[in-house]
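Visitor: Chains Z and E, in that order, are what the protein sequence lines are. Residues in the first sequence are numbered from 27 upward in steps of one, following the numbering used here. Residues in the second sequence are numbered from 27 upward in steps of one, following the numbering used here.
Some hints could be false.
Identical copies carry no separate label here, and so any pair may be met within one copy or between two of them.
[Said to hold, decoys possible] Here are the simulated EDC-like cross-link-like pairs (lysine to aspartate or glutamate), alpha carbons at most 16 Å apart as the crow flies: (1) 363 x 93; (2) 219 x 100; (3) 363 x 280; (4) 219 x 205; (5) 363 x 258; (6) 363 x 233; (7) 110 x 140; (8) 110 x 100; (9) 86 x 418; (10) 219 x 283; (11) 219 x 297; (12) 110 x 91; (13) 110 x 92; (14) 363 x 416; (15) 102 x 190.
Simulated from the structure, these hints should not be mistaken for laboratory data.
2 protein chains.
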Amino acid sequence: MWQQPTSLFTDHYELTMLQASLHSGAAHRPSVFEAFARRLPEGRRYGVLAGTGRILEGLKNFHFDDEQLRFLSDTKVVDATTIKYLENFAFSGNIHGYAEGEIYFPYSPVMILESTFAEACVLETFILSALNHDSAIASAASRMIAAAGARPCIEMGSRRTHEESAVAAARAAIIAGFDSTSNLEAGHRYGLKTVGTAAHSFTLLHDSERAAFEAQVASMGVGTALLVDTYDVEAGVRTAVQVAGPELGAVRLDSGDLVEQARWVRTLLDDLGNENTRIMVTSDLDEYAIAALGSAPVDSYGVGTSLVTGSGHPTASMVYKLVSRRDDSGNFVDVAKAAKNKVSVGGRKYAVRRLNERNRATEELIGVGELPAPDANDRPLLNTFVTNGELDTDFIGAGAVRRAAQRHTDSIQEMPSSSRRLQRGEPVIPTRFIDSF
Amino acid sequence: MWQQPTSLFTDHYELTMLQASLHSGAAHRPSVFEAFARRLPEGRRYGVLAGTGRILEGLKNFHFDDEQLRFLSDTKVVDATTIKYLENFAFSGNIHGYAEGEIYFPYSPVMILESTFAEACVLETFILSALNHDSAIASAASRMIAAAGARPCIEMGSRRTHEESAVAAARAAIIAGFDSTSNLEAGHRYGLKTVGTAAHSFTLLHDSERAAFEAQVASMGVGTALLVDTYDVEAGVRTAVQVAGPELGAVRLDSGDLVEQARWVRTLLDDLGNENTRIMVTSDLDEYAIAALGSAPVDSYGVGTSLVTGSGHPTASMVYKLVSRRDDSGNFVDVAKAAKNKVSVGGRKYAVRRLNERNRATEELIGVGELPAPDANDRPLLNTFVTNGELDTDFIGAGAVRRAAQRHTDSIQEMPSSSRRLQRGEPVIPTRFIDSF
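Bound-form chain Z, shown alone (with noise of 0.2 Å):
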């Protein structure tokens, strides 16, 4: 996946704590970290986690090779004790976590690392840009499948994020319930399906709409999708169907009251014979804007700047903190920062969804220390992606992304039906620590 060393998505100061610990000799005690969010995003009911998979993958690729010492070396930013280090780093710990796809809650301890402070100090960045971007996607992608109901939605955000983000983007899509989407090195990467058929330009660039559509015709064959409003939709629509016949496949409408045009455009299109012929709509669409489209006769949801922005809220405030660590008695330590505004709970955590007896969720329980006595009905939640540094491959690659989809599909028909109401609210469930506060 990555050619390059990942070593390098790092925070200077990850480095300088490594490079203050090996001096003090701190660095080499055993350790645990913990990713988790301390709230949801205002008024949601629920977060999808996302990019563990990215960070297995770039683990692979988390070394420092000649060029990234001399980097560090020549601009001093750590001594040389400190490279000699590096020279050799390789996570050897392990990772334990939620599964990609899963849906968490706040505290949800959605990844854990057990290694020496050294290894997992360096790793905290790479792992928060992942997983805090992912999720923000993955959980806006979620809402958005729960308001398009059956109707498959598209992702096609690429252009309006940065163009390393749209690929992690559109994998977070699917995994949250997108059918496919239009970028390519998505596909590539990853497996997925794409799609996309034209943009206004290749009207314009054609002396007329008709001859547009016959261009695209003739290349792609009747089956395509025509965007029919570069020009005036009612004429779009009775060209497209002239130039196509009876099996064209769909028209997109891309501007204006998509609710009101859907309904005539159908109608119309109807009227010409073409019953078989789809409506997609693509015009700056939201949750929101999805659900008030519901009862409008519309096929399909291309989706893009507020799928891959977050929908309001662009990243997970996932925060990465030391809640453990063996001291010199080799006693481990339970530790947490005192501050009064960021509730932090010390411990290592083990964590399972309890349901009902008819398999709906009731509670995310998080036990410190220990795992919460168990419930017939619990679901672990946690799993083992790394074990002394061997990376379970089933966790990577383009079967990850299949079997967080599916993960995800799960976890929603567990969920109280009150999780796909748009609204704002409460997490959906509550969140309880077991021997705790």
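Assemble the complex: chain Z is given as a structure, and chain E must be docked to it using the hints.
Guide: Structure of chain E alone, referenced to chain Z:
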């Protein structure tokens, strides 16, 4: 910069349009495409252009190797004729545009491509991704710099955004006036100054705050910045001064009421004889929080989440439109979509910034088809980046970032002082088309 081809950072439909236009022959029509924003984010008074250098760097690797072609062929994205065209793809046209770091307004033609339809079409997604992301960050960053006045701002948002967006965000922040970044890869790629010291985990790792401070000072010297709010801030400051002495470089505050805290921490530091120890604040700052800290005795601002997410506007809403193309009789025809709610102006654009006798900007003048009639104080805004496929290397690499930062400083100087107001308002100068509407 990019070690792999950038050619698949592309929407599927760019290549299906290519295929259909190769089929109709229109692919080879000489064309003019233009990138611009129809509006600024609501209430913003100006935008800051960024991404140009990254586009030009990416253009060098925008080719289709065997692996990309095999993907496109295996997945049937395009037909054999199109694959053959892409085998030899290399942009051979011209690219003009606003300098990176330049201020822009609605309809400013920030990038103009002159080439065949085919060549400009294939580049669309990649160009928009870079412009939309990087300009969103630079535009937010510039407002933070205005709010901070003479105090330095440090970019530290990497963990809140995709790992590659983080690198581009650091670059954009520096262009808009930030002093430095925490992102090591950005330092590596673009020669940017990186900074950082320690997080709460470093304190929690050690047996006491004192032990942590001693470790940091022993390794990094007394000039370092100590994070004093892991437990009790007052005790933290006292311990920091005891450990590092009068030459302690800085203390960092990352939580609580920063205005009030900065005041008494300053008094405490002064009372302890540490008049030269600086105060750095870093807790979820945006331009408004920075402005609110204006009267507090703060020496520098570390900005994260808000910066890398564009402070409420994570994308710049740039579009990329075909504005003119040749027909078969050899004449250029201006073109524009007719949709009511999306105004576009056909025709090749030229742009100058009109200045008054005191060299203050008064208007963004855009000529359609020709340069606006010159005025002594006009400053031309279009540069030529690429000529017949040949890149002007002044616009890429570390040197380009430095020049872009200078360009931004100069352009801000030229703006009416109202540009520095944070309140919502209209664009600080109007955009006027010449020989058009």
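Visitor: Have a look at residue 219 and residue 205 and pick one of within, between, both or neither, based on CA distance no larger than 16 Å.
Guide: Within one copy only: 8 Å inside a chain, 43 Å across chains, cut-off 16 Å.
Visitor: Can you tell me if residue 110 and residue 92 fall within 16 Å by alpha carbon in one copy, between copies, both or neither?
Guide: Answer is within; shortest intra-copy Cα gap is 11 Å, inter-copy 39 Å.
Visitor: When no copy is named, should residue 363 and residue 280 be tagged within, between, both, or neither for a Cα gap of at most 16 Å?
Guide: between (50 Å within a copy, 12 Å between copies)
Visitor: Regarding residue 363 and residue 93, is the shortest C-alpha distance of 16 Å or less found within a copy, between copies, in both, or in neither?
Guide: neither (36 Å within a copy, 49 Å between copies)
Visitor: Between copies, within a copy, both or neither: which fits residue 363 and residue 258 at Cα up to 16 Å?
Guide: between (62 Å within a copy, 10 Å between copies)
Visitor: At 16 Å max between alpha carbons, let me know whether residue 363 reaches residue 416 within a copy, between copies, both or neither.
Guide: So residue 363 and residue 416 fail the 16 Å test inside a copy (31 Å) and across (55 Å) alike.
Visitor: Please sort residue 102 with residue 190 into within, between, both or neither, judging by C-alpha distance up to 16 Å.
Guide: neither (29 Å within a copy, 23 Å between copies)
Visitor: How would you classify residue 86 and residue 418 at a CA-CA limit of 16 Å: within, between, both, or neither?
Guide: within (12 Å within a copy, 37 Å between copies)
Visitor: Check residue 219 against residue 100 for me: Cα-Cα at most 16 Å, and say if that holds within a copy, between copies, both or neither.
Guide: between (45 Å within a copy, 12 Å between copies)
Visitor: Cα distance capped at 16 Å. Does residue 110 pair with residue 91 within a copy, between copies, both, or neither?
Guide: Result: close within a single copy only, 12 Å intra versus 37 Å inter.
Visitor: Between the shortest in-copy and the shortest cross-copy C-alpha distance, which are at most 16 Å for residue 219 and residue 297: within, between, both, or neither?
Guide: neither (33 Å within a copy, 66 Å between copies)
Visitor: Could you place residue 110 and residue 100 in one of the four classes (within, between, both, neither) given a Cα distance threshold of 16 Å?
Guide: Only inside one copy: residue 110 and residue 100 sit 14 Å apart there, 45 Å across copies, limit 16 Å.
Of the numbered hints stated above, those contradicted by the structure are hints 1, 7, 10, 11, 14, 15, listed in ascending order.
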